[in-house]
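*Asks:* The listed protein sequences correspond, in order, to chains A and B. So for the first sequence, numbering that gives the first Met the number 0 puts the first residue at 0; every next one is plus one. So for the second sequence, numbering that gives the first Met the number 0 puts the first residue at 0; every next one is plus one.
One should not assume that every hint holds.
[To be verified] Take a look, some chain B residues computed to stay more than 12 Å from chain A by CB distance: (1) Thr65; (2) His108; (3) His117; (4) Lys364.
[What the hints assert, rightly or not] Across the chosen pairs, the derived CB separations fall in these ranges: (5) A/His111 - B/Val52: 52 to 62 Å; (6) B/Asp352 - A/Gly270: 55 to 65 Å; (7) B/Arg308 - A/Val196: 51 to 61 Å.
It is worth saying that the hints were derived from the structure and are not from the lab. Where is the CB? At the ideal position from N, CA and C, for every residue including glycine.
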Amino acid sequence: MDPEQRIKIHDPQILKLAAQQLFESVQAPRNNINGNNSLFTRNTLLQFTANPIRVIACAILAVFGAAIIASFVVGGGIFTPTDPTWRAMQQRGSWRVGMDPSFPPFELLDEHGQMAGYDVELARAMAARWNLRLELVPIGFDSLLDALQTGQIDSIVSALPYDPRATQNVRYSPPYFEAGIRLVVRADSPLLSQSIVEVEQFSALLANQRLAVEWGSAGDMVGRRLQQAAATIELQPFSTPEEAVSALLTDASIDALLVDNITLLTMQGQGAAISAVGPALEANPYVIASPITAPVLQQEIADALQALSADGTLQGLTIQWLR
Amino acid sequence: MIADWFAHIRRLLTEKPPVALLIVTVIVVSSASLLSRLLANDSLMLGPPRQVVSINSKMGIHTRLTDEVEEAKIKQSLEMVREMGASWIVEYFPWAYVEREPGVFKWKHSDMVIQHAHHQGLKIVARLGFVPEWARPPETTPLYLDEENFEAFGRYAAEFAARYQEQVGYIIIWNEPNLSLEWGFQPVDPAKYVRMLQVVYPMIKAANPNVQVLAGALAPTLALPGDPNGMNDLDFLQRMYDADAAPYFDALAIHAYGWHSAPDDPPAPDVVNLRRSELLRAIMVENGDAAKSAMITEGGWNDHPRWTRAVRPGQRIEYTIRAYEVAQQEWPWMEAVAFWAFRYPWDAKSYQDYFTFVRTDFEPKPIYSEVAKYAAGE
Numbered sequence: 000m001d002p003e004q005r006i007k008i009h010d011p012q013i014l015k016l017a018a019q020q021l022f023e024s025v026q027a028p029r030n031n032i033n034g035n036n037s038l039f040t041r042n043t044l045l046q047f048t049a050n051p052i053r054v055i056a057c058a059i060l061a062v063f064g065a066a067i068i069a070s071f072v073v074g075g076g077i078f079t080p081t082d083p084t085w086r087a088m089q090q091r092g093s094w095r096v097g098m099d100p101s102f103p104p105f106e107l108l109d110e111h112g113q114m115a116g117y118d119v120e121l122a123r124a125m126a127a128r129w130n131l132r133l134e135l136v137p138i139g140f141d142s143l144l145d146a147l148q149t150g151q152i153d154s155i156v157s158a159l160p161y162d163p164r165a166t167q168n169v170r171y172s173p174p175y176f177e178a179g180i181r182l183v184v185r186a187d188s189p190l191l192s193q194s195i196v197e198v199e200q201f202s203a204l205l206a207n208q209r210l211a212v213e214w215g216s217a218g219d220m221v222g223r224r225l226q227q228a229a230a231t232i233e234l235q236p237f238s239t240p241e242e243a244v245s246a247l248l249t250d251a252s253i254d255a256l257l258v259d260n261i262t263l264l265t266m267q268g269q270g271a272a273i274s275a276v277g278p279a280l281e282a283n284p285y286v287i288a289s290p291i292t293a294p295v296l297q298q299e300i301a302d303a304l305q306a307l308s309a310d311g312t313l314q315g316l317t318i319q320w321l322r
Numbered sequence: 000m001i002a003d004w005f006a007h008i009r010r011l012l013t014e015k016p017p018v019a020l021l022i023v024t025v026i027v028v029s030s031a032s033l034l035s036r037l038l039a040n041d042s043l044m045l046g047p048p049r050q051v052v053s054i055n056s057k058m059g060i061h062t063r064l065t066d067e068v069e070e071a072k073i074k075q076s077l078e079m080v081r082e083m084g085a086s087w088i089v090e091y092f093p094w095a096y097v098e099r100e101p102g103v104f105k106w107k108h109s110d111m112v113i114q115h116a117h118h119q120g121l122k123i124v125a126r127l128g129f130v131p132e133w134a135r136p137p138e139t140t141p142l143y144l145d146e147e148n149f150e151a152f153g154r155y156a157a158e159f160a161a162r163y164q165e166q167v168g169y170i171i172i173w174n175e176p177n178l179s180l181e182w183g184f185q186p187v188d189p190a191k192y193v194r195m196l197q198v199v200y201p202m203i204k205a206a207n208p209n210v211q212v213l214a215g216a217l218a219p220t221l222a223l224p225g226d227p228n229g230m231n232d233l234d235f236l237q238r239m240y241d242a243d244a245a246p247y248f249d250a251l252a253i254h255a256y257g258w259h260s261a262p263d264d265p266p267a268p269d270v271v272n273l274r275r276s277e278l279l280r281a282i283m284v285e286n287g288d289a290a291k292s293a294m295i296t297e298g299g300w301n302d303h304p305r306w307t308r309a310v311r312p313g314q315r316i317e318y319t320i321r322a323y324e325v326a327q328q329e330w331p332w333m334e335a336v337a338f339w340a341f342r343y344p345w346d347a348k349s350y351q352d353y354f355t356f357v358r359t360d361f362e363p364k365p366i367y368s369e370v371a372k373y374a375a376g377e
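When you get a sec, could you build the whole thing from the sequences and use the hints?
*Replies:* Structure follows, in structure tokens:
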């Protein structure tokens, strides 16, 4: 288009004329189908269908379009991820959950031989939200992932620690419980007033402090790690976590304790006036695992956990089973 | 054509010296880099030779370097073993990794492990097994070996014994043959295991008369007669002697897991504990093998919080150190105690992780530090 023509196009009269021509050209075929004119006649149709490539292309487009419509009717839309596990759960009317009932208070066998515990109640609350029946399948801890991957169960809810190496094989939920190592102090400790946001801040905070640990435990290991950064931290080992907690409560020379969050909550439940300072020094989040082919279930679990956290159910389970 | 190239290069050198200089520089630097890489692949970062310092010369540990690829990690593992005060390592050298094709041996990884271990002053006990595909029928596991291939296994063992005669003084033939799982899911068969020894032992001795051949490495089990999963280790050992095993091994390899028991708990045929080793020893003596020694090549305690056979972490430390003491003070016939396991290349994310002394990132667990203190006499 040369500059001269470009100038002409900006003329309102010319633009109006062009628009009118375009409108007529669009209207023309419609008129022809109605038999008013001869532009789109039977001959044109025969000419079009004489070319097999056009026919095949149209057939493919038709099938594709039908598939899109069908997917919306059957599965809620073509962009909805497929999830055989979630679909099977809906058809079966149940959520099949694997757990090893040998880890109280998360999962255990009660006096009637029934599975009970924090995880059982959590799974029950989630199944109820989905209007599904909960099926509990007892499986040894080391066989849980195999059972999940072979389709024997829909999910694992069994105080399962997050394993970053397994994310190619299973889908994890967000953490619902943090079982990691905490710094624990007496309720009247001046350390409680300290604001600790990052794990790296602990070594400076604990310089010249005396920490109780269970000898050989993960808390002991974290303590030795802190000593590498602050040599003035002193560790006092005890045979059991209960002895360490007792020492913290009764021995004024002990400033704090390094213990896992389950022990902390359990001892608090038994009336120990102790509190945690800052975040977990070594994280150990518990998560729910589902098959890698179950994106819908993964999302439903995430949504359910969020809702159960928001309405206080998770907090209630902690109080019920750990305190 | 080549003459044309030379003419072109000569013209380039005379007409455009800066370009020519640049090309020559690139060629020289690339060649030097390639050469240094080739040399680096063939030489190991051994460092100065070291010696173990320990108050207990029987202390050992089973390393797990089979699947550890990086040389730096292999070196670090073995350095830490030495620093812990352990003089012995048991390590697995799978036949299928070395002889993937019949008669073609790839020793690069084995060389790396053995040279580093030897350089750290460690005594190496090599566990051999794991059958390559070509030496077993299709659809069988690498733990399946037919009698017709005992000789092929013997050839591998003999090549190994000859190659490492300066560094490896001990070889274990097979692992836990009293478990069906470890016997290729066949019914366990002490007489067949003895026939394996009768083929392989002479071949190893012919290749290296000085190497000590260990047999057994039996899993401690309380299996009842007829159990398809395995045979009681005490019964299996007696049946080995009944099948004339005695002339075909120099020492007995023992697996001694403690489960809940303390190291001083007495032995009993219906109990799995450390001192079950004494019952195996008694069978050796009863069968005229009192002159032979034994060696714990697997064992120890586990401190997983939910495994039903685990103990508290502090108990694990206490029992482990006491077990080393028992071997040194009470068992003159016990040559070494190598517990399972020093470190895994990756987390198992199961109770297995609670057998290790060092995390996968090499952070020492408290048990490592406490055992090191014991070995240092602190």
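*Asks:* B/Asp352 and A/Gly270, beta-carbon distance inside 55 to 65 Å?
*Replies:* violated, 34 Å
*Asks:* Is the gap between the beta carbons of A/His111 and B/Val52 within 52 to 62 Å?
*Replies:* holds, 58 Å
*Asks:* Is the nearest Cβ of chain A still more than 12 Å from the Cβ of B/Lys364?
*Replies:* violated, 6 Å
*Asks:* B/His108 clear of chain A by more than 12 Å, beta carbon to beta carbon?
*Replies:* B/His108 clear of chain A: closest Cβ-Cβ about 22 Å, beyond 12 Å.
*Asks:* State, for the Cβ atoms of B/Arg308 and A/Val196, whether the hinted interval 51 to 61 Å holds or is violated.
*Replies:* violated, 40 Å
*Asks:* According to the definition I'm using, a residue is off the interface if its beta carbon is farther than 12 Å from all beta carbons of the partner; does B/His117 meet that for chain A?
*Replies:* Check passes; 31 Å lies beyond 12 Å.
*Asks:* Measuring Cβ to Cβ, find out whether B/Thr65 lies farther than 12 Å from everything in chain A.
*Replies:* holds, 18 Å
The structure does not agree with the numbered hints 4, 6, 7 stated previously, though it agrees with the rest.
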